[in-house]
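A.B. asks: The residues making up each chain are set out below.
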Amino acid sequence: MRRQFPLALCFIAGLFMAVQYFIPHPTVQDMYERLLIWLQTLLAFAFLLGTVSLVRVHYHKIRHRADDRGYSLVTLLALCLMIGLGFFHSAHHAQGSPFDRMFQNVQVPIEATMFSLLAFYVASAAFRAFRARTLESTLLLVAACIVMLGRVPIGDMIHSSIPVATRWILEVPNLAAKRGIMIGVGLGMMATSLKIILGIERAWMGGGD
Amino acid sequence: MATIIWTTIGAILTLSVYSFLYKDNPFYKFAEHLVVGISAGYYLVIYYFNFIQPNVVAPVFLLRIGNEAIGLGSSMWWLALIPGILGLLLYTRFFPKFGWVGRWSLGIYVGGYAGLGLSPIMQARVLNQIGANALPLTSITNVFLIVGLLGTLTYFFFSMKHKGVLGVLARVGIVFLMVGFGASFGYTVMSRVSLLIGRVSFLLHDWLHLI
Amino acid sequence: MLGDRGQSGGIRPWTGFVALSVAVAALFLCPVAVSAQEEVEAVEQDTLLLVAAPTGLSAIDTPNDRGSSINVTWELSSDDNGDGIVAGYEVFRSAHPETGFAFVGRVPFGVTEYRDSSVDNRAPTYYRVAALGADESPFFSGTFGPVEASIQWFNRSRLNALVAVIIFVVSILYFVNAAKSGKKLFIRRLAGLDEMDNAVGRATEMGKPILFISGLSSVSDVATIAAINILGEVAKKTAEYNTKLIVPCADPIVMAVEQEVVKEAYAKAGRPDAYNEDDVFYLTRSQFAYVAGVNGIMVRQRPATILYMGMFYAESLVLAETGSSIGAIQIAGTDAVTQLPFFITSCDYTLIGEELYAASAYLSREPILLGGLKGQDMFKLITVVFLVVGVIAATLTATGVIESNFMLAVFATG
Amino acid sequence: MNIFERFMNIDRRWIFLAIGIAVVIPFFFPLGLPISVTEPVQNLYDALDAIPPNGQPLLLAIDYAPATLPELEPMSLALLRHAFRNDVNVAVLTLHPAGYGLAERALNKVAEEMGQVYGEDYCFLGFRPGISAVILGMGVNIVNVFPEDAYGTPLNDIPMMDGIRNYDDIPLLISLAGWGAAEAWVLYAHQPYGQRVGAGVTAVMATDFYPFLDTGQLIGLLGGMRGAAEYEELIDHPDEGVRGMDSQSSVHILIIALIVLGNIAYFGARRKRRQMEREAA
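Sequences listed follow chains Z, B, V and W, in order. Residue numbers for the first sequence follow my numbering, beginning at 1 and rising by one. Residue numbers for the second sequence follow my numbering, beginning at 1 and rising by one. Residue numbers for the third sequence follow my numbering, beginning at 1 and rising by one. Residue numbers for the fourth sequence follow my numbering, beginning at 1 and rising by one.
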């Protein structure tokens with residue numbers, strides 16, 4: 001029951017999902033769609049589990065009087081506020097509701113700004129890593145520079161062949177490499193999936209026996 | 001007025017995050033802890049109302065939204081108990097004695113997605129891609145595509161020594177990979193800068209009305 | 001918009017079928033169509049904008065589907081030149097060949113196909129199609145039928161994928177069994193994984209923690225499962241060296257699984273008490289809120305080693321650059337093609353694509369897993385052979401040596 | 001440490017500062033560089049342009065989250081402007097939970113600007129969870145998946161959706177997404193149902209979509225801010241996309257200059273080191 005039963009469930013669910021792809025019959029397809037919804041619902045249940053974990057970590061920080069316990073309090077209060085607004089304020093989805101306002105004006109700007117840090121990091125990473133040390137790194141940096149120029153209007157102005165070269169790099173060597181990675185990854189995914197379904201790889205249960 | 005206040009809050013938080021570029025500081029720490037709490041709460045709420053409510057709560061307690069019984073016909077309502085029970089089983093981990101029961105749910109979850117990773121992947125990632133690359137050797141471009149793919153695939157052989165012909169092909173593969181990575185990097189810069197432009201536009205236009 | 005389907009998926013198995021049926025139907029139906037057209041013309045004589053009715057009507061059960069659907073095809077009205085004299089076509093359906101035709105759908109001019117997907121299965125159905133004049137007056141074709149929609153149990157257009165999956169499964173199982181029986185298998189060096197031990201050792205020496213980030217996705221991405229397998233191996237080492245292992249998670253199910261994995265590894269190493277549940281925790285599902293949190297952990301806890309394994313999106317570089325700014329040794333592995341360049345520029349070692357999936361076999365050196373890897377390589381060899389044969393076939397077709405490319409069916413999309 | 005080495009190990013914060021300046025300057029002093037239109041963008045434009053007015057609607061899936069807003073929102077605006085200018089009806093939906101407000105925001109903005117009537121010219125179906133299930137379900141019957149629009153009006157009561165049953169009645173579908181949604185539309189709407197699909201994705205994802213263009217699974221593609229700028233040029237309504245391209249140019253030039261200087265320093269340092277070694281010997 002402890003090990004064999006979950007492995008059996010894993011096998012059955014996996015086999016069904018793999019086989020349904022070939023069977024258009026409504027009985028099977030309806031079951032497939034239902035199972036997909038169940039899996040997503042299961043994930044939804046897990047969110048509370050995750051939230052408990054988050055609360056636990058910050059609660060421990062506050063209780064053990066960690067240096068930044070004040071910030072932990074910020075996290076907990078923000079969490080409670082969102083849950084409160086989401087569950088106990090009607091029409092939580094609607095535009096302009098307090099829940100939506102918090103999302104639009106706190107979460108969105110912070111996340112968008114975190115994302116935009118990439119513009120700075122791309123520059124610093126390129127500066128540090130793009131050195132023509134070996135043939136490979138030279139190819140990397142030359143391809144990067146050509147494509148960078150070819151993507152902006154100024155590239156056309158420097159020389160009309162730059163956008164052409166950019167397209168060629170993107171559509172020929174880049175595409176070939178992508179396809180190679182994609183096929184390899186596909187095989188890796190299938191092998192891993194198969195090993196999971198057959199119970200050969202069972203790290204997900206914790207431990208190997 | 002409310003809009004101005006909210007925009008100002010957004011702008012201050014934006015500047016707090018940018019301050020991290022200089023170094024870690026209390027403003028960043030505040031923004032970081034705030035957004036972790038807010039977003040964790042947001043996802044909890046969104047997932048509850050989009051999955052648990054329509055797929056479990058509504059059918060089991062026979063709620064209706066509008067005139068429609070949600071999700072399942074009311075005669076099949078008991079089916080909705082299954083994801084509910086599977087979901088609750090996850091919580092057995094809080095009782096050390098029954099913790100292993102939670103593995104049943106995880107088994108179905110992991111197995112189900114593993115199954116999806118088998119057949120459709122074969123079609124979309126393997127067969128279709130090879131098909132798209134099985135080109136006639138009638139142009140230089142096609143030759144490049146074919147040699148590049150062969151080389152890249154060779155690079156991924158794990159159980160053979162990369163020597164002789166295999167070694168040459170794998171080397172060709174690395175060359176293609178590097179050009180591809182360089183191209184992707186260069187191609188990406190644009191979208192990263194777009195994001196920064198978006199934030200600058202928010203600060204200068206939406207908040208300060210300078211432009 | 002069936003007309004466009006024909007164009008975009010030129011190799012659909014049923015197009016030949018449809019063409020054949022159209023031709024056959026045209027032979028038989030032409031007289032009917034003509035007479036129907038004459039009849040219509042007689043009635044509509046006082047209309048200024050007479051247009052020819054469509055001809056060659058045909059309908060077949062949609063192949064490889066879940067039933068309830070029939071494909072109707074016809075030939076363009078001879079007045080349909082794309083200049084708006086024919087405004088479009090309307091499709092009508094009835095259970096009776098003469099009467100009771102009801103409207104089912106409309107398509108723009110220039111289109112010769114319609115998929116009626118609300119038919120009762122196993123019920124004889126008759127079709128008519130009308131060309132619409134510029135004033136919307138209909139000009140009917142003859143009747144076609146009966147035709148029945150039916151449910152299929154097997155999607156024949158996916159036969160190639162099924163065969164490929166079976167070959168794949170067999171080749172994996174064969175080598176897994178060979179490995180079980182003790183056959184020795186060679187695996188080439190993977191620098192990033194060889195470095196894993198050193199990286200753990202370095203963190204131990206410096207008395208600093210190791211940060212493990214298993215991507216931003218859920219178990220629905222197989223890469224996440226691969227990452228969990230790698231975490232199992234890493235946790236064994238940190239348990240052995242007694243090094244702190246921090247695992248912030250972006251997905252609650254991944255967290256649940258990873259807690260089990262790490263707990264078990266510590267129990268196996270004989271240090272169950274060294275496992276701290278607060279070290280494997282959920283942060284938030286939100287992409288950049290997660291990044292904000294992890295960046296905070298990096299600059300404040302200063303891990304000596306950071307491992308990025310699994311599925312990553314745009315956040316990869318924010319994480320890896322912050323990691324590089326604190327001087328950590330970084331090893332990444334992902335199958336996200338778009339993120340590989342960033343890990344390569346800012347990490348010390350990067351596992352590319354399939355290497356991520358090979359990692360758990362490589363690290364654990366378990367014969368069964370190594371056998372799986374060998375089987376994977378075997379199938380890769382088969383794909384290479386098919387690619388070469390496909391190239392030869394395409395070349396012969398293009399140069400006119402053979403008439404049709406027999407390999408297309410092998411790669412066809414289902 | 002000589003000058004080359006010092007430059008190679010420059011504090012990265014100086015680079016951050018330079019990038020910030022390069023982005024902000026064009027906001028105040030636009031360069032106005034010309035923009036050429038690429039083929040995938042032209043193809044998408046042509047496909048939308050060919051939809052007959054006031055008939056079957058364009059289905060626009062605004063699947064992006066706030067994180068990719070700056071790149072993808074200009075696309076939404078340009079596509080909606082183009083559709084509304086041609087009197088093409090538009091039905092909007094989203095597959096991303098966070099896309100709801102963003103879709104509404106773009107739609108309301110352009111509809112108001114161009115005087116469009118809700119229900120007659122456009123409608124908003126809202127968000128439904130479950131990506132593949134939603135897309136596949138719509139192939140059977142849209143009403144099954146979206147029994148009502150985002151505001152609770154039954155779909156059957158919306159005039160423009162009259163007679164629109166499934167993908168057979170949708171001449172074109174465009175997904176704007178910064179994640180896997182665009183690919184999902186190809187896999188689950190084009191593949192089984194033959195739906196014509198176009199996509200707008202972030203610049204970084206665009207390379208991944210070339211294979212789809214190649215195989216005809218996608219009819220057109222907008223990649224990043226440049227894709228939006230090109231579309232804005234095509235519909236003759238320059239906006240955020242075109243303006244942003246100037247900042248793009250200056251940052252790109254700056255990064256390339258940094259790479260070049262970095263390499264000069266690298267080789268300079270190497271030469272100097274060798275020289276010193278030789279002298280020492």
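Please keep in mind that the hints were generated in silico from the structure rather than gathered at the bench. Be aware that one or more of the hints could be misleading.
One side of the interface only, derived from the structure: several residues of chain Z facing chain V at Cβ under 8 Å [said to hold, decoys possible]:
| hint | residue |
| --- | --- |
| 1 | Glu33 |
| 2 | Arg34 |
| 3 | Phe47 |
| 4 | Ser124 |
| 5 | Ile154 |
| 6 | Met157 |
Ideal placement from N, C-alpha and C gives every residue a C-beta, glycine not left out.
A.B. asks: Does Z/Glu33 pass the interface hint, meaning its C-beta sits closer than 8 Å to a C-beta of chain V?
C.D. replies: Because about 11 Å separates Z/Glu33 from the closest Cβ in chain V, which is outside the 8 Å limit, the hint is violated.
A.B. asks: Is the shortest C-beta separation between Z/Ser124 and chain V less than 8 Å?
C.D. replies: holds (6 Å)
A.B. asks: At a threshold of 8 Å, is the proposed contact between Z/Arg34 and chain V supported by beta-carbon distances?
C.D. replies: At 14 Å from the nearest chain V Cβ, Z/Arg34 fails the 8 Å test, so the hint is violated.
A.B. asks: Under 8 Å is the threshold here; is the Cβ of Z/Met157 close enough to any Cβ of chain V for the hint to stand?
C.D. replies: For Z/Met157, the interface hint is violated, since the closest Cβ of chain V sits about 26 Å away, which is over 8 Å.
A.B. asks: Tell me if the interface restraint on Z/Phe47 is satisfied: Cβ within less than 8 Å of some Cβ in chain V.
C.D. replies: holds (5 Å)
A.B. asks: With a cut-off of 8 Å on the beta carbons, see whether Z/Ile154 makes it to chain V.
C.D. replies: Hint violated; Z/Ile154 Cβ to chain V Cβ min 22 Å, cut 8 Å.
The structure fails to meet hints 1, 2, 5, 6 from the earlier list, while all remaining hints are met.
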